[in-house]
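Colleague: If you want the building blocks of each chain, they are given just below.
Protein chains: 2
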Amino acid sequence: MTSIGILGGTGQHGRGLAQRFSAAGARVIVGSRDPLRARETVAKWGTAGQSIVVAHNAVAVEHSDLTVLAVPFTSVDTVLTEVHSQFRDTSIVIDVTVPVTFAGGRMTMLEVDEGSATEHIRARLPAGVQLAAAFKTIPAHVLGAADESLDCDEFVCGDSDEARARASALVELVPGLRPIDVGPLSRARFIEHVTALAIAINRTHKIHDARFRVVGLT
Amino acid sequence: MTSIGILGGTGQHGRGLAQRFSAAGARVIVGSRDPLRARETVAKWGTAGQSIVVAHNAVAVEHSDLTVLAVPFTSVDTVLTEVHSQFRDTSIVIDVTVPVTFAGGRMTMLEVDEGSATEHIRARLPAGVQLAAAFKTIPAHVLGAADESLDCDEFVCGDSDEARARASALVELVPGLRPIDVGPLSRARFIEHVTALAIAINRTHKIHDARFRVVGLT
Numbered sequence: 079m080t081s082i083g084i085l086g087g088t089g090q091h092g093r094g095l096a097q098r099f100s101a102a103g104a105r106v107i108v109g110s111r112d113p114l115r116a117r118e119t120v121a122k123w124g125t126a127g128q129s130i131v132v133a134h135n136a137v138a139v140e141h142s143d144l145t146v147l148a149v150p151f152t153s154v155d156t157v158l159t160e161v162h163s164q165f166r167d168t169s170i171v172i173d174v175t176v177p178v179t180f181a182g183g184r185m186t187m188l189e190v191d192e193g194s195a196t197e198h199i200r201a202r203l204p205a206g207v208q209l210a211a212a213f214k215t216i217p218a219h220v221l222g223a224a225d226e227s228l229d230c231d232e233f234v235c236g237d238s239d240e241a242r243a244r245a246s247a248l249v250e251l252v253p254g255l256r257p258i259d260v261g262p263l264s265r266a267r268f269i270e271h272v273t274a275l276a277i278a279i280n281r282t283h284k285i286h287d288a289r290f291r292v293v294g295l296t
Numbered sequence: 079m080t081s082i083g084i085l086g087g088t089g090q091h092g093r094g095l096a097q098r099f100s101a102a103g104a105r106v107i108v109g110s111r112d113p114l115r116a117r118e119t120v121a122k123w124g125t126a127g128q129s130i131v132v133a134h135n136a137v138a139v140e141h142s143d144l145t146v147l148a149v150p151f152t153s154v155d156t157v158l159t160e161v162h163s164q165f166r167d168t169s170i171v172i173d174v175t176v177p178v179t180f181a182g183g184r185m186t187m188l189e190v191d192e193g194s195a196t197e198h199i200r201a202r203l204p205a206g207v208q209l210a211a212a213f214k215t216i217p218a219h220v221l222g223a224a225d226e227s228l229d230c231d232e233f234v235c236g237d238s239d240e241a242r243a244r245a246s247a248l249v250e251l252v253p254g255l256r257p258i259d260v261g262p263l264s265r266a267r268f269i270e271h272v273t274a275l276a277i278a279i280n281r282t283h284k285i286h287d288a289r290f291r292v293v294g295l296t
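If you read the protein sequences in the order shown, they are chains B and R. Under the numbering used here, the first residue of the first sequence is numbered 79, with each subsequent residue one higher. Under the numbering used here, the first residue of the second sequence is numbered 79, with each subsequent residue one higher.
Worth double-checking, as some hints may not be accurate.
The list treats identical chains as interchangeable, and a pair is accepted whether it falls inside one copy or across any two copies.
[Said to hold, decoys possible] Simulated crosslink set (DMTMM-like; lysine to aspartate or glutamate; CA at most 20 Å straight-line):
1. Lys284 / Asp239
2. Lys122 / Glu192
3. Lys284 / Glu189
4. Lys284 / Asp259
5. Lys284 / Asp155
6. Lys284 / Asp143
7. Lys122 / Asp225
8. Lys122 / Glu250
9. Lys122 / Asp112
In short, the hints are calculated from the structure, not lab data.
Isolated chain B (complex conformation) (with noise of 0.2 Å):
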């Protein structure tokens, strides 16, 4: 049974995962600054009898085989500091986070000197840590909604054929998903601003879970 490290598991995007995860039979560890507090988050969500358990970040990178990083993209750098230490060679991150604010209630995309959330993660992540994108257009609305069928497509990119092919298993891992894969992890920043562009649609037509089919790929 694969162990998934969702570090920000309390958030409305990692809940969703660790919900969807877990549903789908994966033993889920929730990584929190807090785990008292996340312990009682994760006891209010009502999924009794799934395989869902809280930890400190640490300890949720050390007891994974892969690492899900959903925090906000502006508490990256803090949370990468206090779990540097953990990872090992064999370690896989799948990064789901987006630049994005809504300071003033605008949506804004933050600049990003490596050019997207991915490659800034890469160059804080031990060289021999793997890398991949994926469930970064998925809107959080609808991963949390259990019984709301996804019936779309998560772009997956990443630095290695292993990173893509474990992200990629990870989203199959959600009914209704398709992982598409994109290529190198370069190409994260073309994803991020697809995920922009779905914030675009929603706020333009007052709707909360735009998401994205690939048409012309069978």
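Chain B is already provided as a structure; the job is to place chain R on it using the hints.
Modeller: Only chain R this time, still in chain B's reference frame:
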């Protein structure tokens, strides 16, 4: 009958638009810097009976209700200088360019100071001209195959309600395309990154016709 001028109308993207608009009953003026040569090119399209004429770029702007900018992004400045004095306060321009190059066989997005090709163009148009972006994500390859169903969504943004409405109506002229209004002009940067993502998908999967449908918007 709407009269549509297409600057760069003999390029692959322009040709596809010219043929699709003409097939839908619009009067199309293909604009060119070299109308004699462009006329020979258009004669070979085998669109006899369709309403496609060829003219100098400036003449195409002068006699059109809508001007579509379909030149390569790197030619935009030259063409806009050439036709600048032909725009009227009622002119509407639809930008279909994408700031992407394929130098050395590698797809690269150009750094555009204004943030997007569309905003770059906005800065070079007379103040009274209204501007929208559309047809940026449809693969020229599919657009040019008149017998192929497009079956996808096209993202529209613009600097006025009228520009967005006119661009959306143009998208609806083409069977199988649904316009998706994504708001103000600044969102062109998201759309242009979606095009880059489509190219990345094409290259990763060795296909030519990746395009998108929005899920969650009815």
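Colleague: Are the hints correct? Go through all of them and say.
Modeller: Hints versus structure:
1. Lys284 / Asp239: Between. Shortest inter-copy distance 17 Å satisfies the 20 Å Cα cut-off; intra-copy 39 Å does not.
2. Lys122 / Glu192: This pair counts as neither: shortest intra-copy Cα distance 38 Å, inter-copy 47 Å.
3. Lys284 / Glu189: Neither. Shortest intra-copy (26 Å) and inter-copy (32 Å) distances fail the 20 Å Cα cut-off.
4. Lys284 / Asp259: For Lys284 and Asp259, the Cα distance is within 20 Å only across copies (12 Å; inside one copy 30 Å).
5. Lys284 / Asp155: Close neither inside one copy (33 Å) nor across copies (37 Å); limit 20 Å.
6. Lys284 / Asp143: Neither. Shortest intra-copy (39 Å) and inter-copy (32 Å) distances fail the 20 Å Cα cut-off.
7. Lys122 / Asp225: For Lys122 and Asp225, the Cα distance is within 20 Å only inside one copy (17 Å; across copies 55 Å).
8. Lys122 / Glu250: Neither: 27 Å inside a copy, 48 Å across copies.
9. Lys122 / Asp112: within (16 Å within a copy, 70 Å between copies)
Hint compliance for this structure: hints 2, 3, 5, 6 and 8 are not met, and every other hint is.
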